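Chains as they are written, first to last, in the working numbering: chain F, 929 to 1193; chain U, 5 to 385.
In short, the hints are calculated from the structure, not lab data.
Because the structure is a prediction, the values reported are computed rather than measured.
Yeah, the Cβ is synthetic: ideal placement off N, Cα and C, and Gly gets one too.
It is possible that part of the hints are untrue.
Derived, one-sided and incomplete: chain U residues facing chain F with beta-carbon distance under 8 Å [as the list claims (entries may be wrong)]:
#1 13
#2 59
#3 221
#4 324
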Amino acid sequence: MRIVVMVKQVPDTTEVRIDPKTGTLIREGVASVMNPDDRLGLETALSLKDAAGGEVIAVSMGPPQAVDVLSEAYAMGADRGVLLTDINFAGADTWATSYTLGKVVERLAAEEPVDLVICGRQAIDGDTAQIGPQLAEHLGWPQVTYVGQVRSEGDQLRAWRRLPDGDQEVLCPLPAVVTVLDTPGEPRWPRVERLLEACRPRAPLESWNAADIGAPADKTGLRGSLTQVVETFSPKTKRETRWLEGTPAEQAAALVADLREKKVL
Amino acid sequence: MTNPAIRSDPEKLLRQVMARFVDQEVTPRAREIDERGEFPQELFKKLASMNVFNVRYLGMKKGATGNATLYCIICEELARGLVSLAAETAKQCLMGTNFLYRFGSPELKEKYLEPSMRGEMVGSFCLTEPEAGGDLGSVTTTAVDDGDHWIISGMKTWITNAPIASYFTVLCQTQPGKGIRGLNFFFVPRDTPGVQVSPRFDTLGTRTTEISEVAFNDCRIPKDYLVGLPGKGMGAFFAILAEIRTMTAALALGVARAAFDASFQYAQERKAFGKTISKYQLIQAKISDMATDIWAAELMIYDTTRKLDQGQRVDKESMMAKYFATEVACRCVDQATRILGAYAYSMEYPVQRFFRDARFLLYGGGTHEVLRQNIARAMRF
Ligand SMILES: Cc1cc2nc3c(=O)[nH]c(=O)nc-3n(C[C@H](O)[C@H](O)[C@H](O)COP(=O)(O)OP(=O)(O)OC[C@H]3O[C@@H](n4cnc5c(N)ncnc54)[C@H](O)[C@@H]3O)c2cc1C
Ligand SMILES: Cc1cc2nc3c(=O)[nH]c(=O)nc-3n(C[C@H](O)[C@H](O)[C@H](O)COP(=O)(O)OP(=O)(O)OC[C@H]3O[C@@H](n4cnc5c(N)ncnc54)[C@H](O)[C@@H]3O)c2cc1C
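Sequences are here, hints too, so could you generate the full structure?
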């Protein structure tokens, strides 16, 4: 199976702070890490490879330092890494990001067919969970989201989706796009010797720019984006305490009435 | 492709991965593991799955050292989480397996070294004796040439990992009366008849490290279990001694950083007399002293490892780094126990563990009384 895994480098914090003056994310002083869901994506791909052989290619779009997540992917067992980096890609919204990632998959598929693309469900910084589904649209492939477990069955993929009310089992033709939020076991840790190999000039990690994937400037980055960020802010939460009086029954009735009024019940 | 090759920096990358391992796997369980006081088998196996124990050998060509910088980064980060796990790892990478790696026959390596790298076996290093600590010239365990065998007899003590070790690298006297020049190293599998391991010692800190005495009662081992250059046993030891000392300094740096991090955070949260204690100058002085000490230790350690990696001799530098960094660790854990007030004294908070564990670093790699004497000597003073 030939599997492409999308891996994003994100700031290492769940509470991203925003500069009140500029309205942009404060990235200074915050270490960058591999998006947690993407570690699960890699584990999913690598266990498919363990079971049935094949090739795992990690792809990341970002600035040059995003190569670190590809080195880590290689150290976990990926065979190859592709870093998409180009000044034109800067400022991309999800539409432009998924377009660009789609062009990479097309180029890789032109070399040799790609059977499966795996994305994390969600990135902890952008948080939209849109890339996987949009990528499937760009490629015109079926998609299975919220996946917690997969099994390859010939030219089909059996996947278990983790939904709020239970698991859903799906059989999907390949090629397809899958977004993952869990794996049966813990994702494996990188191996030291492969981490060191990844840093050598001969490592199978490539960097591609816009020309390499034939992506025109008006379809990528800020220019290719359909949305614009008008303002980014931390929502303010207000707290208000109300004391309920009366007997326990009266208090309960007042509470229920209040919750109904606020449409909580 | 069109872009020039973009590559990660190996030191930064390895540190990131180890730091995540510590934050995710070690720190959340450190208290429970320390209280149980058993060898942390599960974490040890995980480190093996990362091929951590092989880090020195991956970089080793002819010389005795390889990847000293990367090795010390691993030790430092692990010590930030749990000093005993870090020390066990450090030993498995270096003293526990080094002589087997360098001088073992291919059969011996296949039987013992490979499983050790997979975390299935633990190695142990036996220098100290009841009557010979820092003064190794007084070692009395003997190795007697008996034709196609050696016969090992004697008693070793304070042997880290002995209760769970699969084999021992044992410092023995081959020519009684010759002192240091008669010493050499021998490989003794645990199942050799005559090997006797005592119950484990009860210790102040690093409580997951199991330590005991080992008696060798006329243990017969094959001739090729001599794991050293004939007649030059201590040469091979002196070749790694600088690395042992620098590694010990890295362990010290790790625990100093843990104490600093705990203090830095707590001082900004704890309020006294209407403001956080971080607003008081005497607390600020402590934080500044700790940070300054830590930075100096870091510079000394990684300057020494870089020289080691270039094959330079660092006898003096490694002694200075071990001496300084360990004193820094002891100062930092001491300050942390003051900054955290009573909570430093509670077994529920980790600072008491840092305090206990840091003491362990005072002895191995040379006591500071002996080191300071030797630093002066290294300067021909
Ligand atoms: C309205 C809007 C405007 C934005 N404007 C800007 C802007 O001006 N400048 C800017 O820098 N950012 C901007 N962003 C953020 C940027 O578009 C997103 O970070 C990016 O498109 C990925 O979206 P996400 O983080 O929500 O990913 P999700 O959809 O949550 O991620 C799901 C999965 O997609 C994959 N994936 C996502 N991004 C990448 C990547 N780069 N490389 C490889 N795989 C990836 C991963 O597998 C990930 O787990 C904007 C986002 C929005 C919603
Ligand atoms: C947790 C732990 C784990 C250990 N693990 C191992 C192990 O795996 N293998 C192993 O072989 N050993 C191990 N040791 C032993 C360790 O190497 C010794 O403790 C160390 O060599 C010091 O020896 P000693 O304790 O006998 O002290 P001694 O050498 O007896 O020293 C006692 C005191 O006298 C001072 N002193 C000694 N000589 C001089 C001098 N010339 N001038 C001035 N002062 C002097 C010392 O500084 C010290 O203060 C371990 C020890 C500990 C605590």
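Hint-by-hint comparison with the structure:
{"no.": "1", "hint": "13", "in the structure": "7 Å, holds"}
{"no.": "2", "hint": "59", "in the structure": "5 Å, holds"}
{"no.": "3", "hint": "221", "in the structure": "39 Å, violated"}
{"no.": "4", "hint": "324", "in the structure": "29 Å, violated"}
The structure is inconsistent with the numbered hints 3, 4, although it conforms to all the rest.
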